[in-house]
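Trainee: Here is how the chains run, residue by residue.
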Amino acid sequence: MICRAVLPSETFARKAQRILTANGYISEMIRITNVNAGCGYALRIVGKPEEIQAILAKANIPVRSLESERDGL
Amino acid sequence: MTVNFDNAATTFPKPPEVRLAVEKALVRYGSAGRGGHPIAVRGSELLYSARETIAEFFGAEPENVVFTLNCTHALNIAIQGIAREGGHVIISSLEHNSVIRPVYALAKSKKIQYSIAEVSPSDTQTLENFARLIRPDTRAIICMIASNVTGQVLPWRKIGALCQEKKICFIADGAQACGVLPINLKSDNINILCTAGHKGLYGITGTGLLISDGAFAIPPLMQGGSGSLSSLPEMPDFLPDALEAGTMSVIGAASLRAGVNFVKKKGIQNIFRSETAICERFCQRLEKMPDVILYREPGADYVPIVSFNIRNRRSEEVASELGKQGFCLRAGLHCAPLAHYALKTTEITEGTVRFAPSVFSGMQETDRLCDSIKKLV
Chain A
95 MICRAVLPSE TFARKAQRIL TANGYISEMI RITNVNAGCG YALRIVGKPE EIQAILAKAN
155 IPVRSLESER DGL
Chain B
68 MTVNFDNAAT TFPKPPEVRL AVEKALVRYG SAGRGGHPIA VRGSELLYSA RETIAEFFGA
128 EPENVVFTLN CTHALNIAIQ GIAREGGHVI ISSLEHNSVI RPVYALAKSK KIQYSIAEVS
188 PSDTQTLENF ARLIRPDTRA IICMIASNVT GQVLPWRKIG ALCQEKKICF IADGAQACGV
248 LPINLKSDNI NILCTAGHKG LYGITGTGLL ISDGAFAIPP LMQGGSGSLS SLPEMPDFLP
308 DALEAGTMSV IGAASLRAGV NFVKKKGIQN IFRSETAICE RFCQRLEKMP DVILYREPGA
368 DYVPIVSFNI RNRRSEEVAS ELGKQGFCLR AGLHCAPLAH YALKTTEITE GTVRFAPSVF
428 SGMQETDRLC DSIKKLV
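These protein sequences, in sequence, are chains A and B.
No gaps in the numbering here: position 5 of the first sequence is 99 in the numbering used here, and each next residue is one more.
No gaps in the numbering here: position 97 of the second sequence is 164 in the numbering used here, and each next residue is one more.
Hints were generated in silico from the structure; no laboratory data involved.
One thing to keep in mind: the hints can contain errors.
[To be verified] Residues from chain A that face chain B, not an exhaustive set, calculated with beta carbons under 7 Å:
1. P102
2. G132
3. C133
4. G134
[To be verified] Which chain B residues face chain A? A few, computed with CB under 10 Å, are given here:
5. L114
6. Y115
7. E130
8. P169
9. S293
10. S298
11. L299
12. P303
Computed from a predicted structure; not experimentally measured.
Every residue gets a Cβ at the ideal spot worked out from N, C-alpha and C, and that includes glycine.
Please put together the full structure from these sequences, using the hints given.
Mentor: Shown next as structure tokens:
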């Protein structure tokens with residue numbers, strides 16, 4: 095399963111990526127532009143949203159949205 | 068051949084690792100956090116890596132490391148941000164203009180009130196002097212960890228503990244301490260550490276740092292592009308974006324990352340020991356010269372900086388004579404008039420001559436400098 099986590103900044107996206115990598119998750123950072131929110135960064139992660147949510151919450155990483163890519167589509 | 072003993076202003080020369088990092092950054096990295104193409108992504112990765120290195124070094128989180136232009140810039144963000152809602156702040160009697168001037172400007176415009184705590188050779192007395200000035204509306208203690216004039220170390224950990232106890236913000240100016248003293252935000256109870264990148268951290272000029280523990284929100288001093296939440300008219304409220312308006316210096320960050328790694332590799336204690344040994348040698352030689360005044364007090368601790376004067380001679384004149392012989396030392400007030408009023412060095416000598424070695428300074432050149440000073444006495 096691939097899910098997408100939208101982070102508030104490039105710094106938080108990189109921090110999240112480091113933490114997820116340390117926990118054995120593969121991820122890719124992508125830049126996103128949303129007319130309402132402006133430029134931002136997201137991670138495409140191979141993993142289950144609830145597991146990823148828990149890891150990022152434990153590390154105090156603010157996540158703007160987190161959903162599986164199928165749900166998002 | 069010129070020998071630099073003005074490393075308290077800017078370390079020179081820089082380590083080969085820093086020079087290489089700058090060269091590499093020039094040909095490899097684009098703007099960070101401003102695009103998704105390969106050159107920008109490389110820049111972003113480097114910038115984040117620099118934040119990680121610095122955060123680990125100072126006991127902070129990477130997102131709380133804010134890159135600034137210099138220590139003055141960082142202090143202005145911190146002071147004007149924390150004091151925005153008014154109240155009272157306390158500074159020390161040795162402060163640099165980078166603290167005095169923003170505090171004075173805020174006081175002049177009636178936004179804040181401030182008090183000055185006298186620094187004594189005794190840490191206990193200094194701490195008491197700070198504690199005595201705390202009022203119910205005191206928002207922050209803003210003070211240097213070490214004086215840029217005499218090198219005297221203030222009891223920064225005790226001041227941090229006092230601030231923690233009284234729930235007020237501790238803004239520490241680490242310009243002369245970072246790279247020679249072990250500074251850690253968590254264990255030292257520092258809420259905001261401001262420092263230069265181009266001094267003891269061996270980065271290039273145009274680099275500085277504001278590092279927060281996240282306990283006190285700091286409103287931005289400048290507004291502009293942050294590469295995040297761009298459709299909003301306000302700055303983001305999270306660090307580092309809130310305080311980093313405009314394109315960051317990736318080259319500066321690369322130099323600072325290399326500089327901090329250099330300091331880590333050498334070891335802070337080793338750097339402190341070797342530079343202190345040079346200062347002790349310098350003091351021992353100068354103590355034997357009857358017309359030389361050394362500004363050191365028994366019982367006080369010092370970073371590797373020594374201020375001196377030749378009796379009845381202007382400090383600038385002495386530095387100029389030494390400069391002609393290839394020795395670079397800074398004279399005058401060192402942008403810290405309060406310290407010179409305390410030392411009573413504002414009159415005849417018009418300041419002091421400051422000796423500040425770096426990790427690249429040696430005993431031989433220190434001895435040659437002492438020989439030259441002896442000829443001037």
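Trainee: Could you run down the list of hints and mark each one as holding or not?
Mentor: A quick look at each hint next to the structure:
At a threshold of 7 Å, the smallest CB-CB gap from P102(A) to chain B is about 6 Å, leaving the interface hint in force. Interface hint at G132(A): satisfied, since its Cβ lies 3 Å from the closest Cβ of chain B, which is below the 7 Å cut-off. Interface restraint check: C133(A) against chain B, minimum CB-CB distance 5 Å, threshold 7 Å, status holds. Below 7 Å, beta-carbon pairs count as interface contacts, and G134(A) has one with chain B at about 6 Å; its hint therefore holds.
Contact between L114(B) and chain A, as hinted, is supported at the beta carbon level, the nearest pair being about 8 Å apart and thus within 10 Å. Hint on Y115(B) holds. Least Cβ distance to chain A is approximately 4 Å, under the 10 Å limit. For E130(B), the suggested interface contact is upheld, since its CB lies about 5 Å from the closest CB of chain A, less than 10 Å. Interface hint at P169(B): violated, since its Cβ lies 27 Å from the closest Cβ of chain A, which is beyond the 10 Å cut-off.
Nearest Cβ of chain A to the Cβ of S293(B): about 8 Å, under the 10 Å cut. The hint holds. For the restraint placing S298(B) at the interface with chain A, the shortest Cβ-Cβ distance is roughly 4 Å, inside the 10 Å limit, so the hint holds. Nearest Cβ of chain A to the Cβ of L299(B): about 7 Å, under the 10 Å cut. The hint holds. Hint on P303(B) holds. Least Cβ distance to chain A is approximately 7 Å, under the 10 Å limit.
Comparing the model with each earlier hint shows a violation of hint 8 alone; every other hint is respected.
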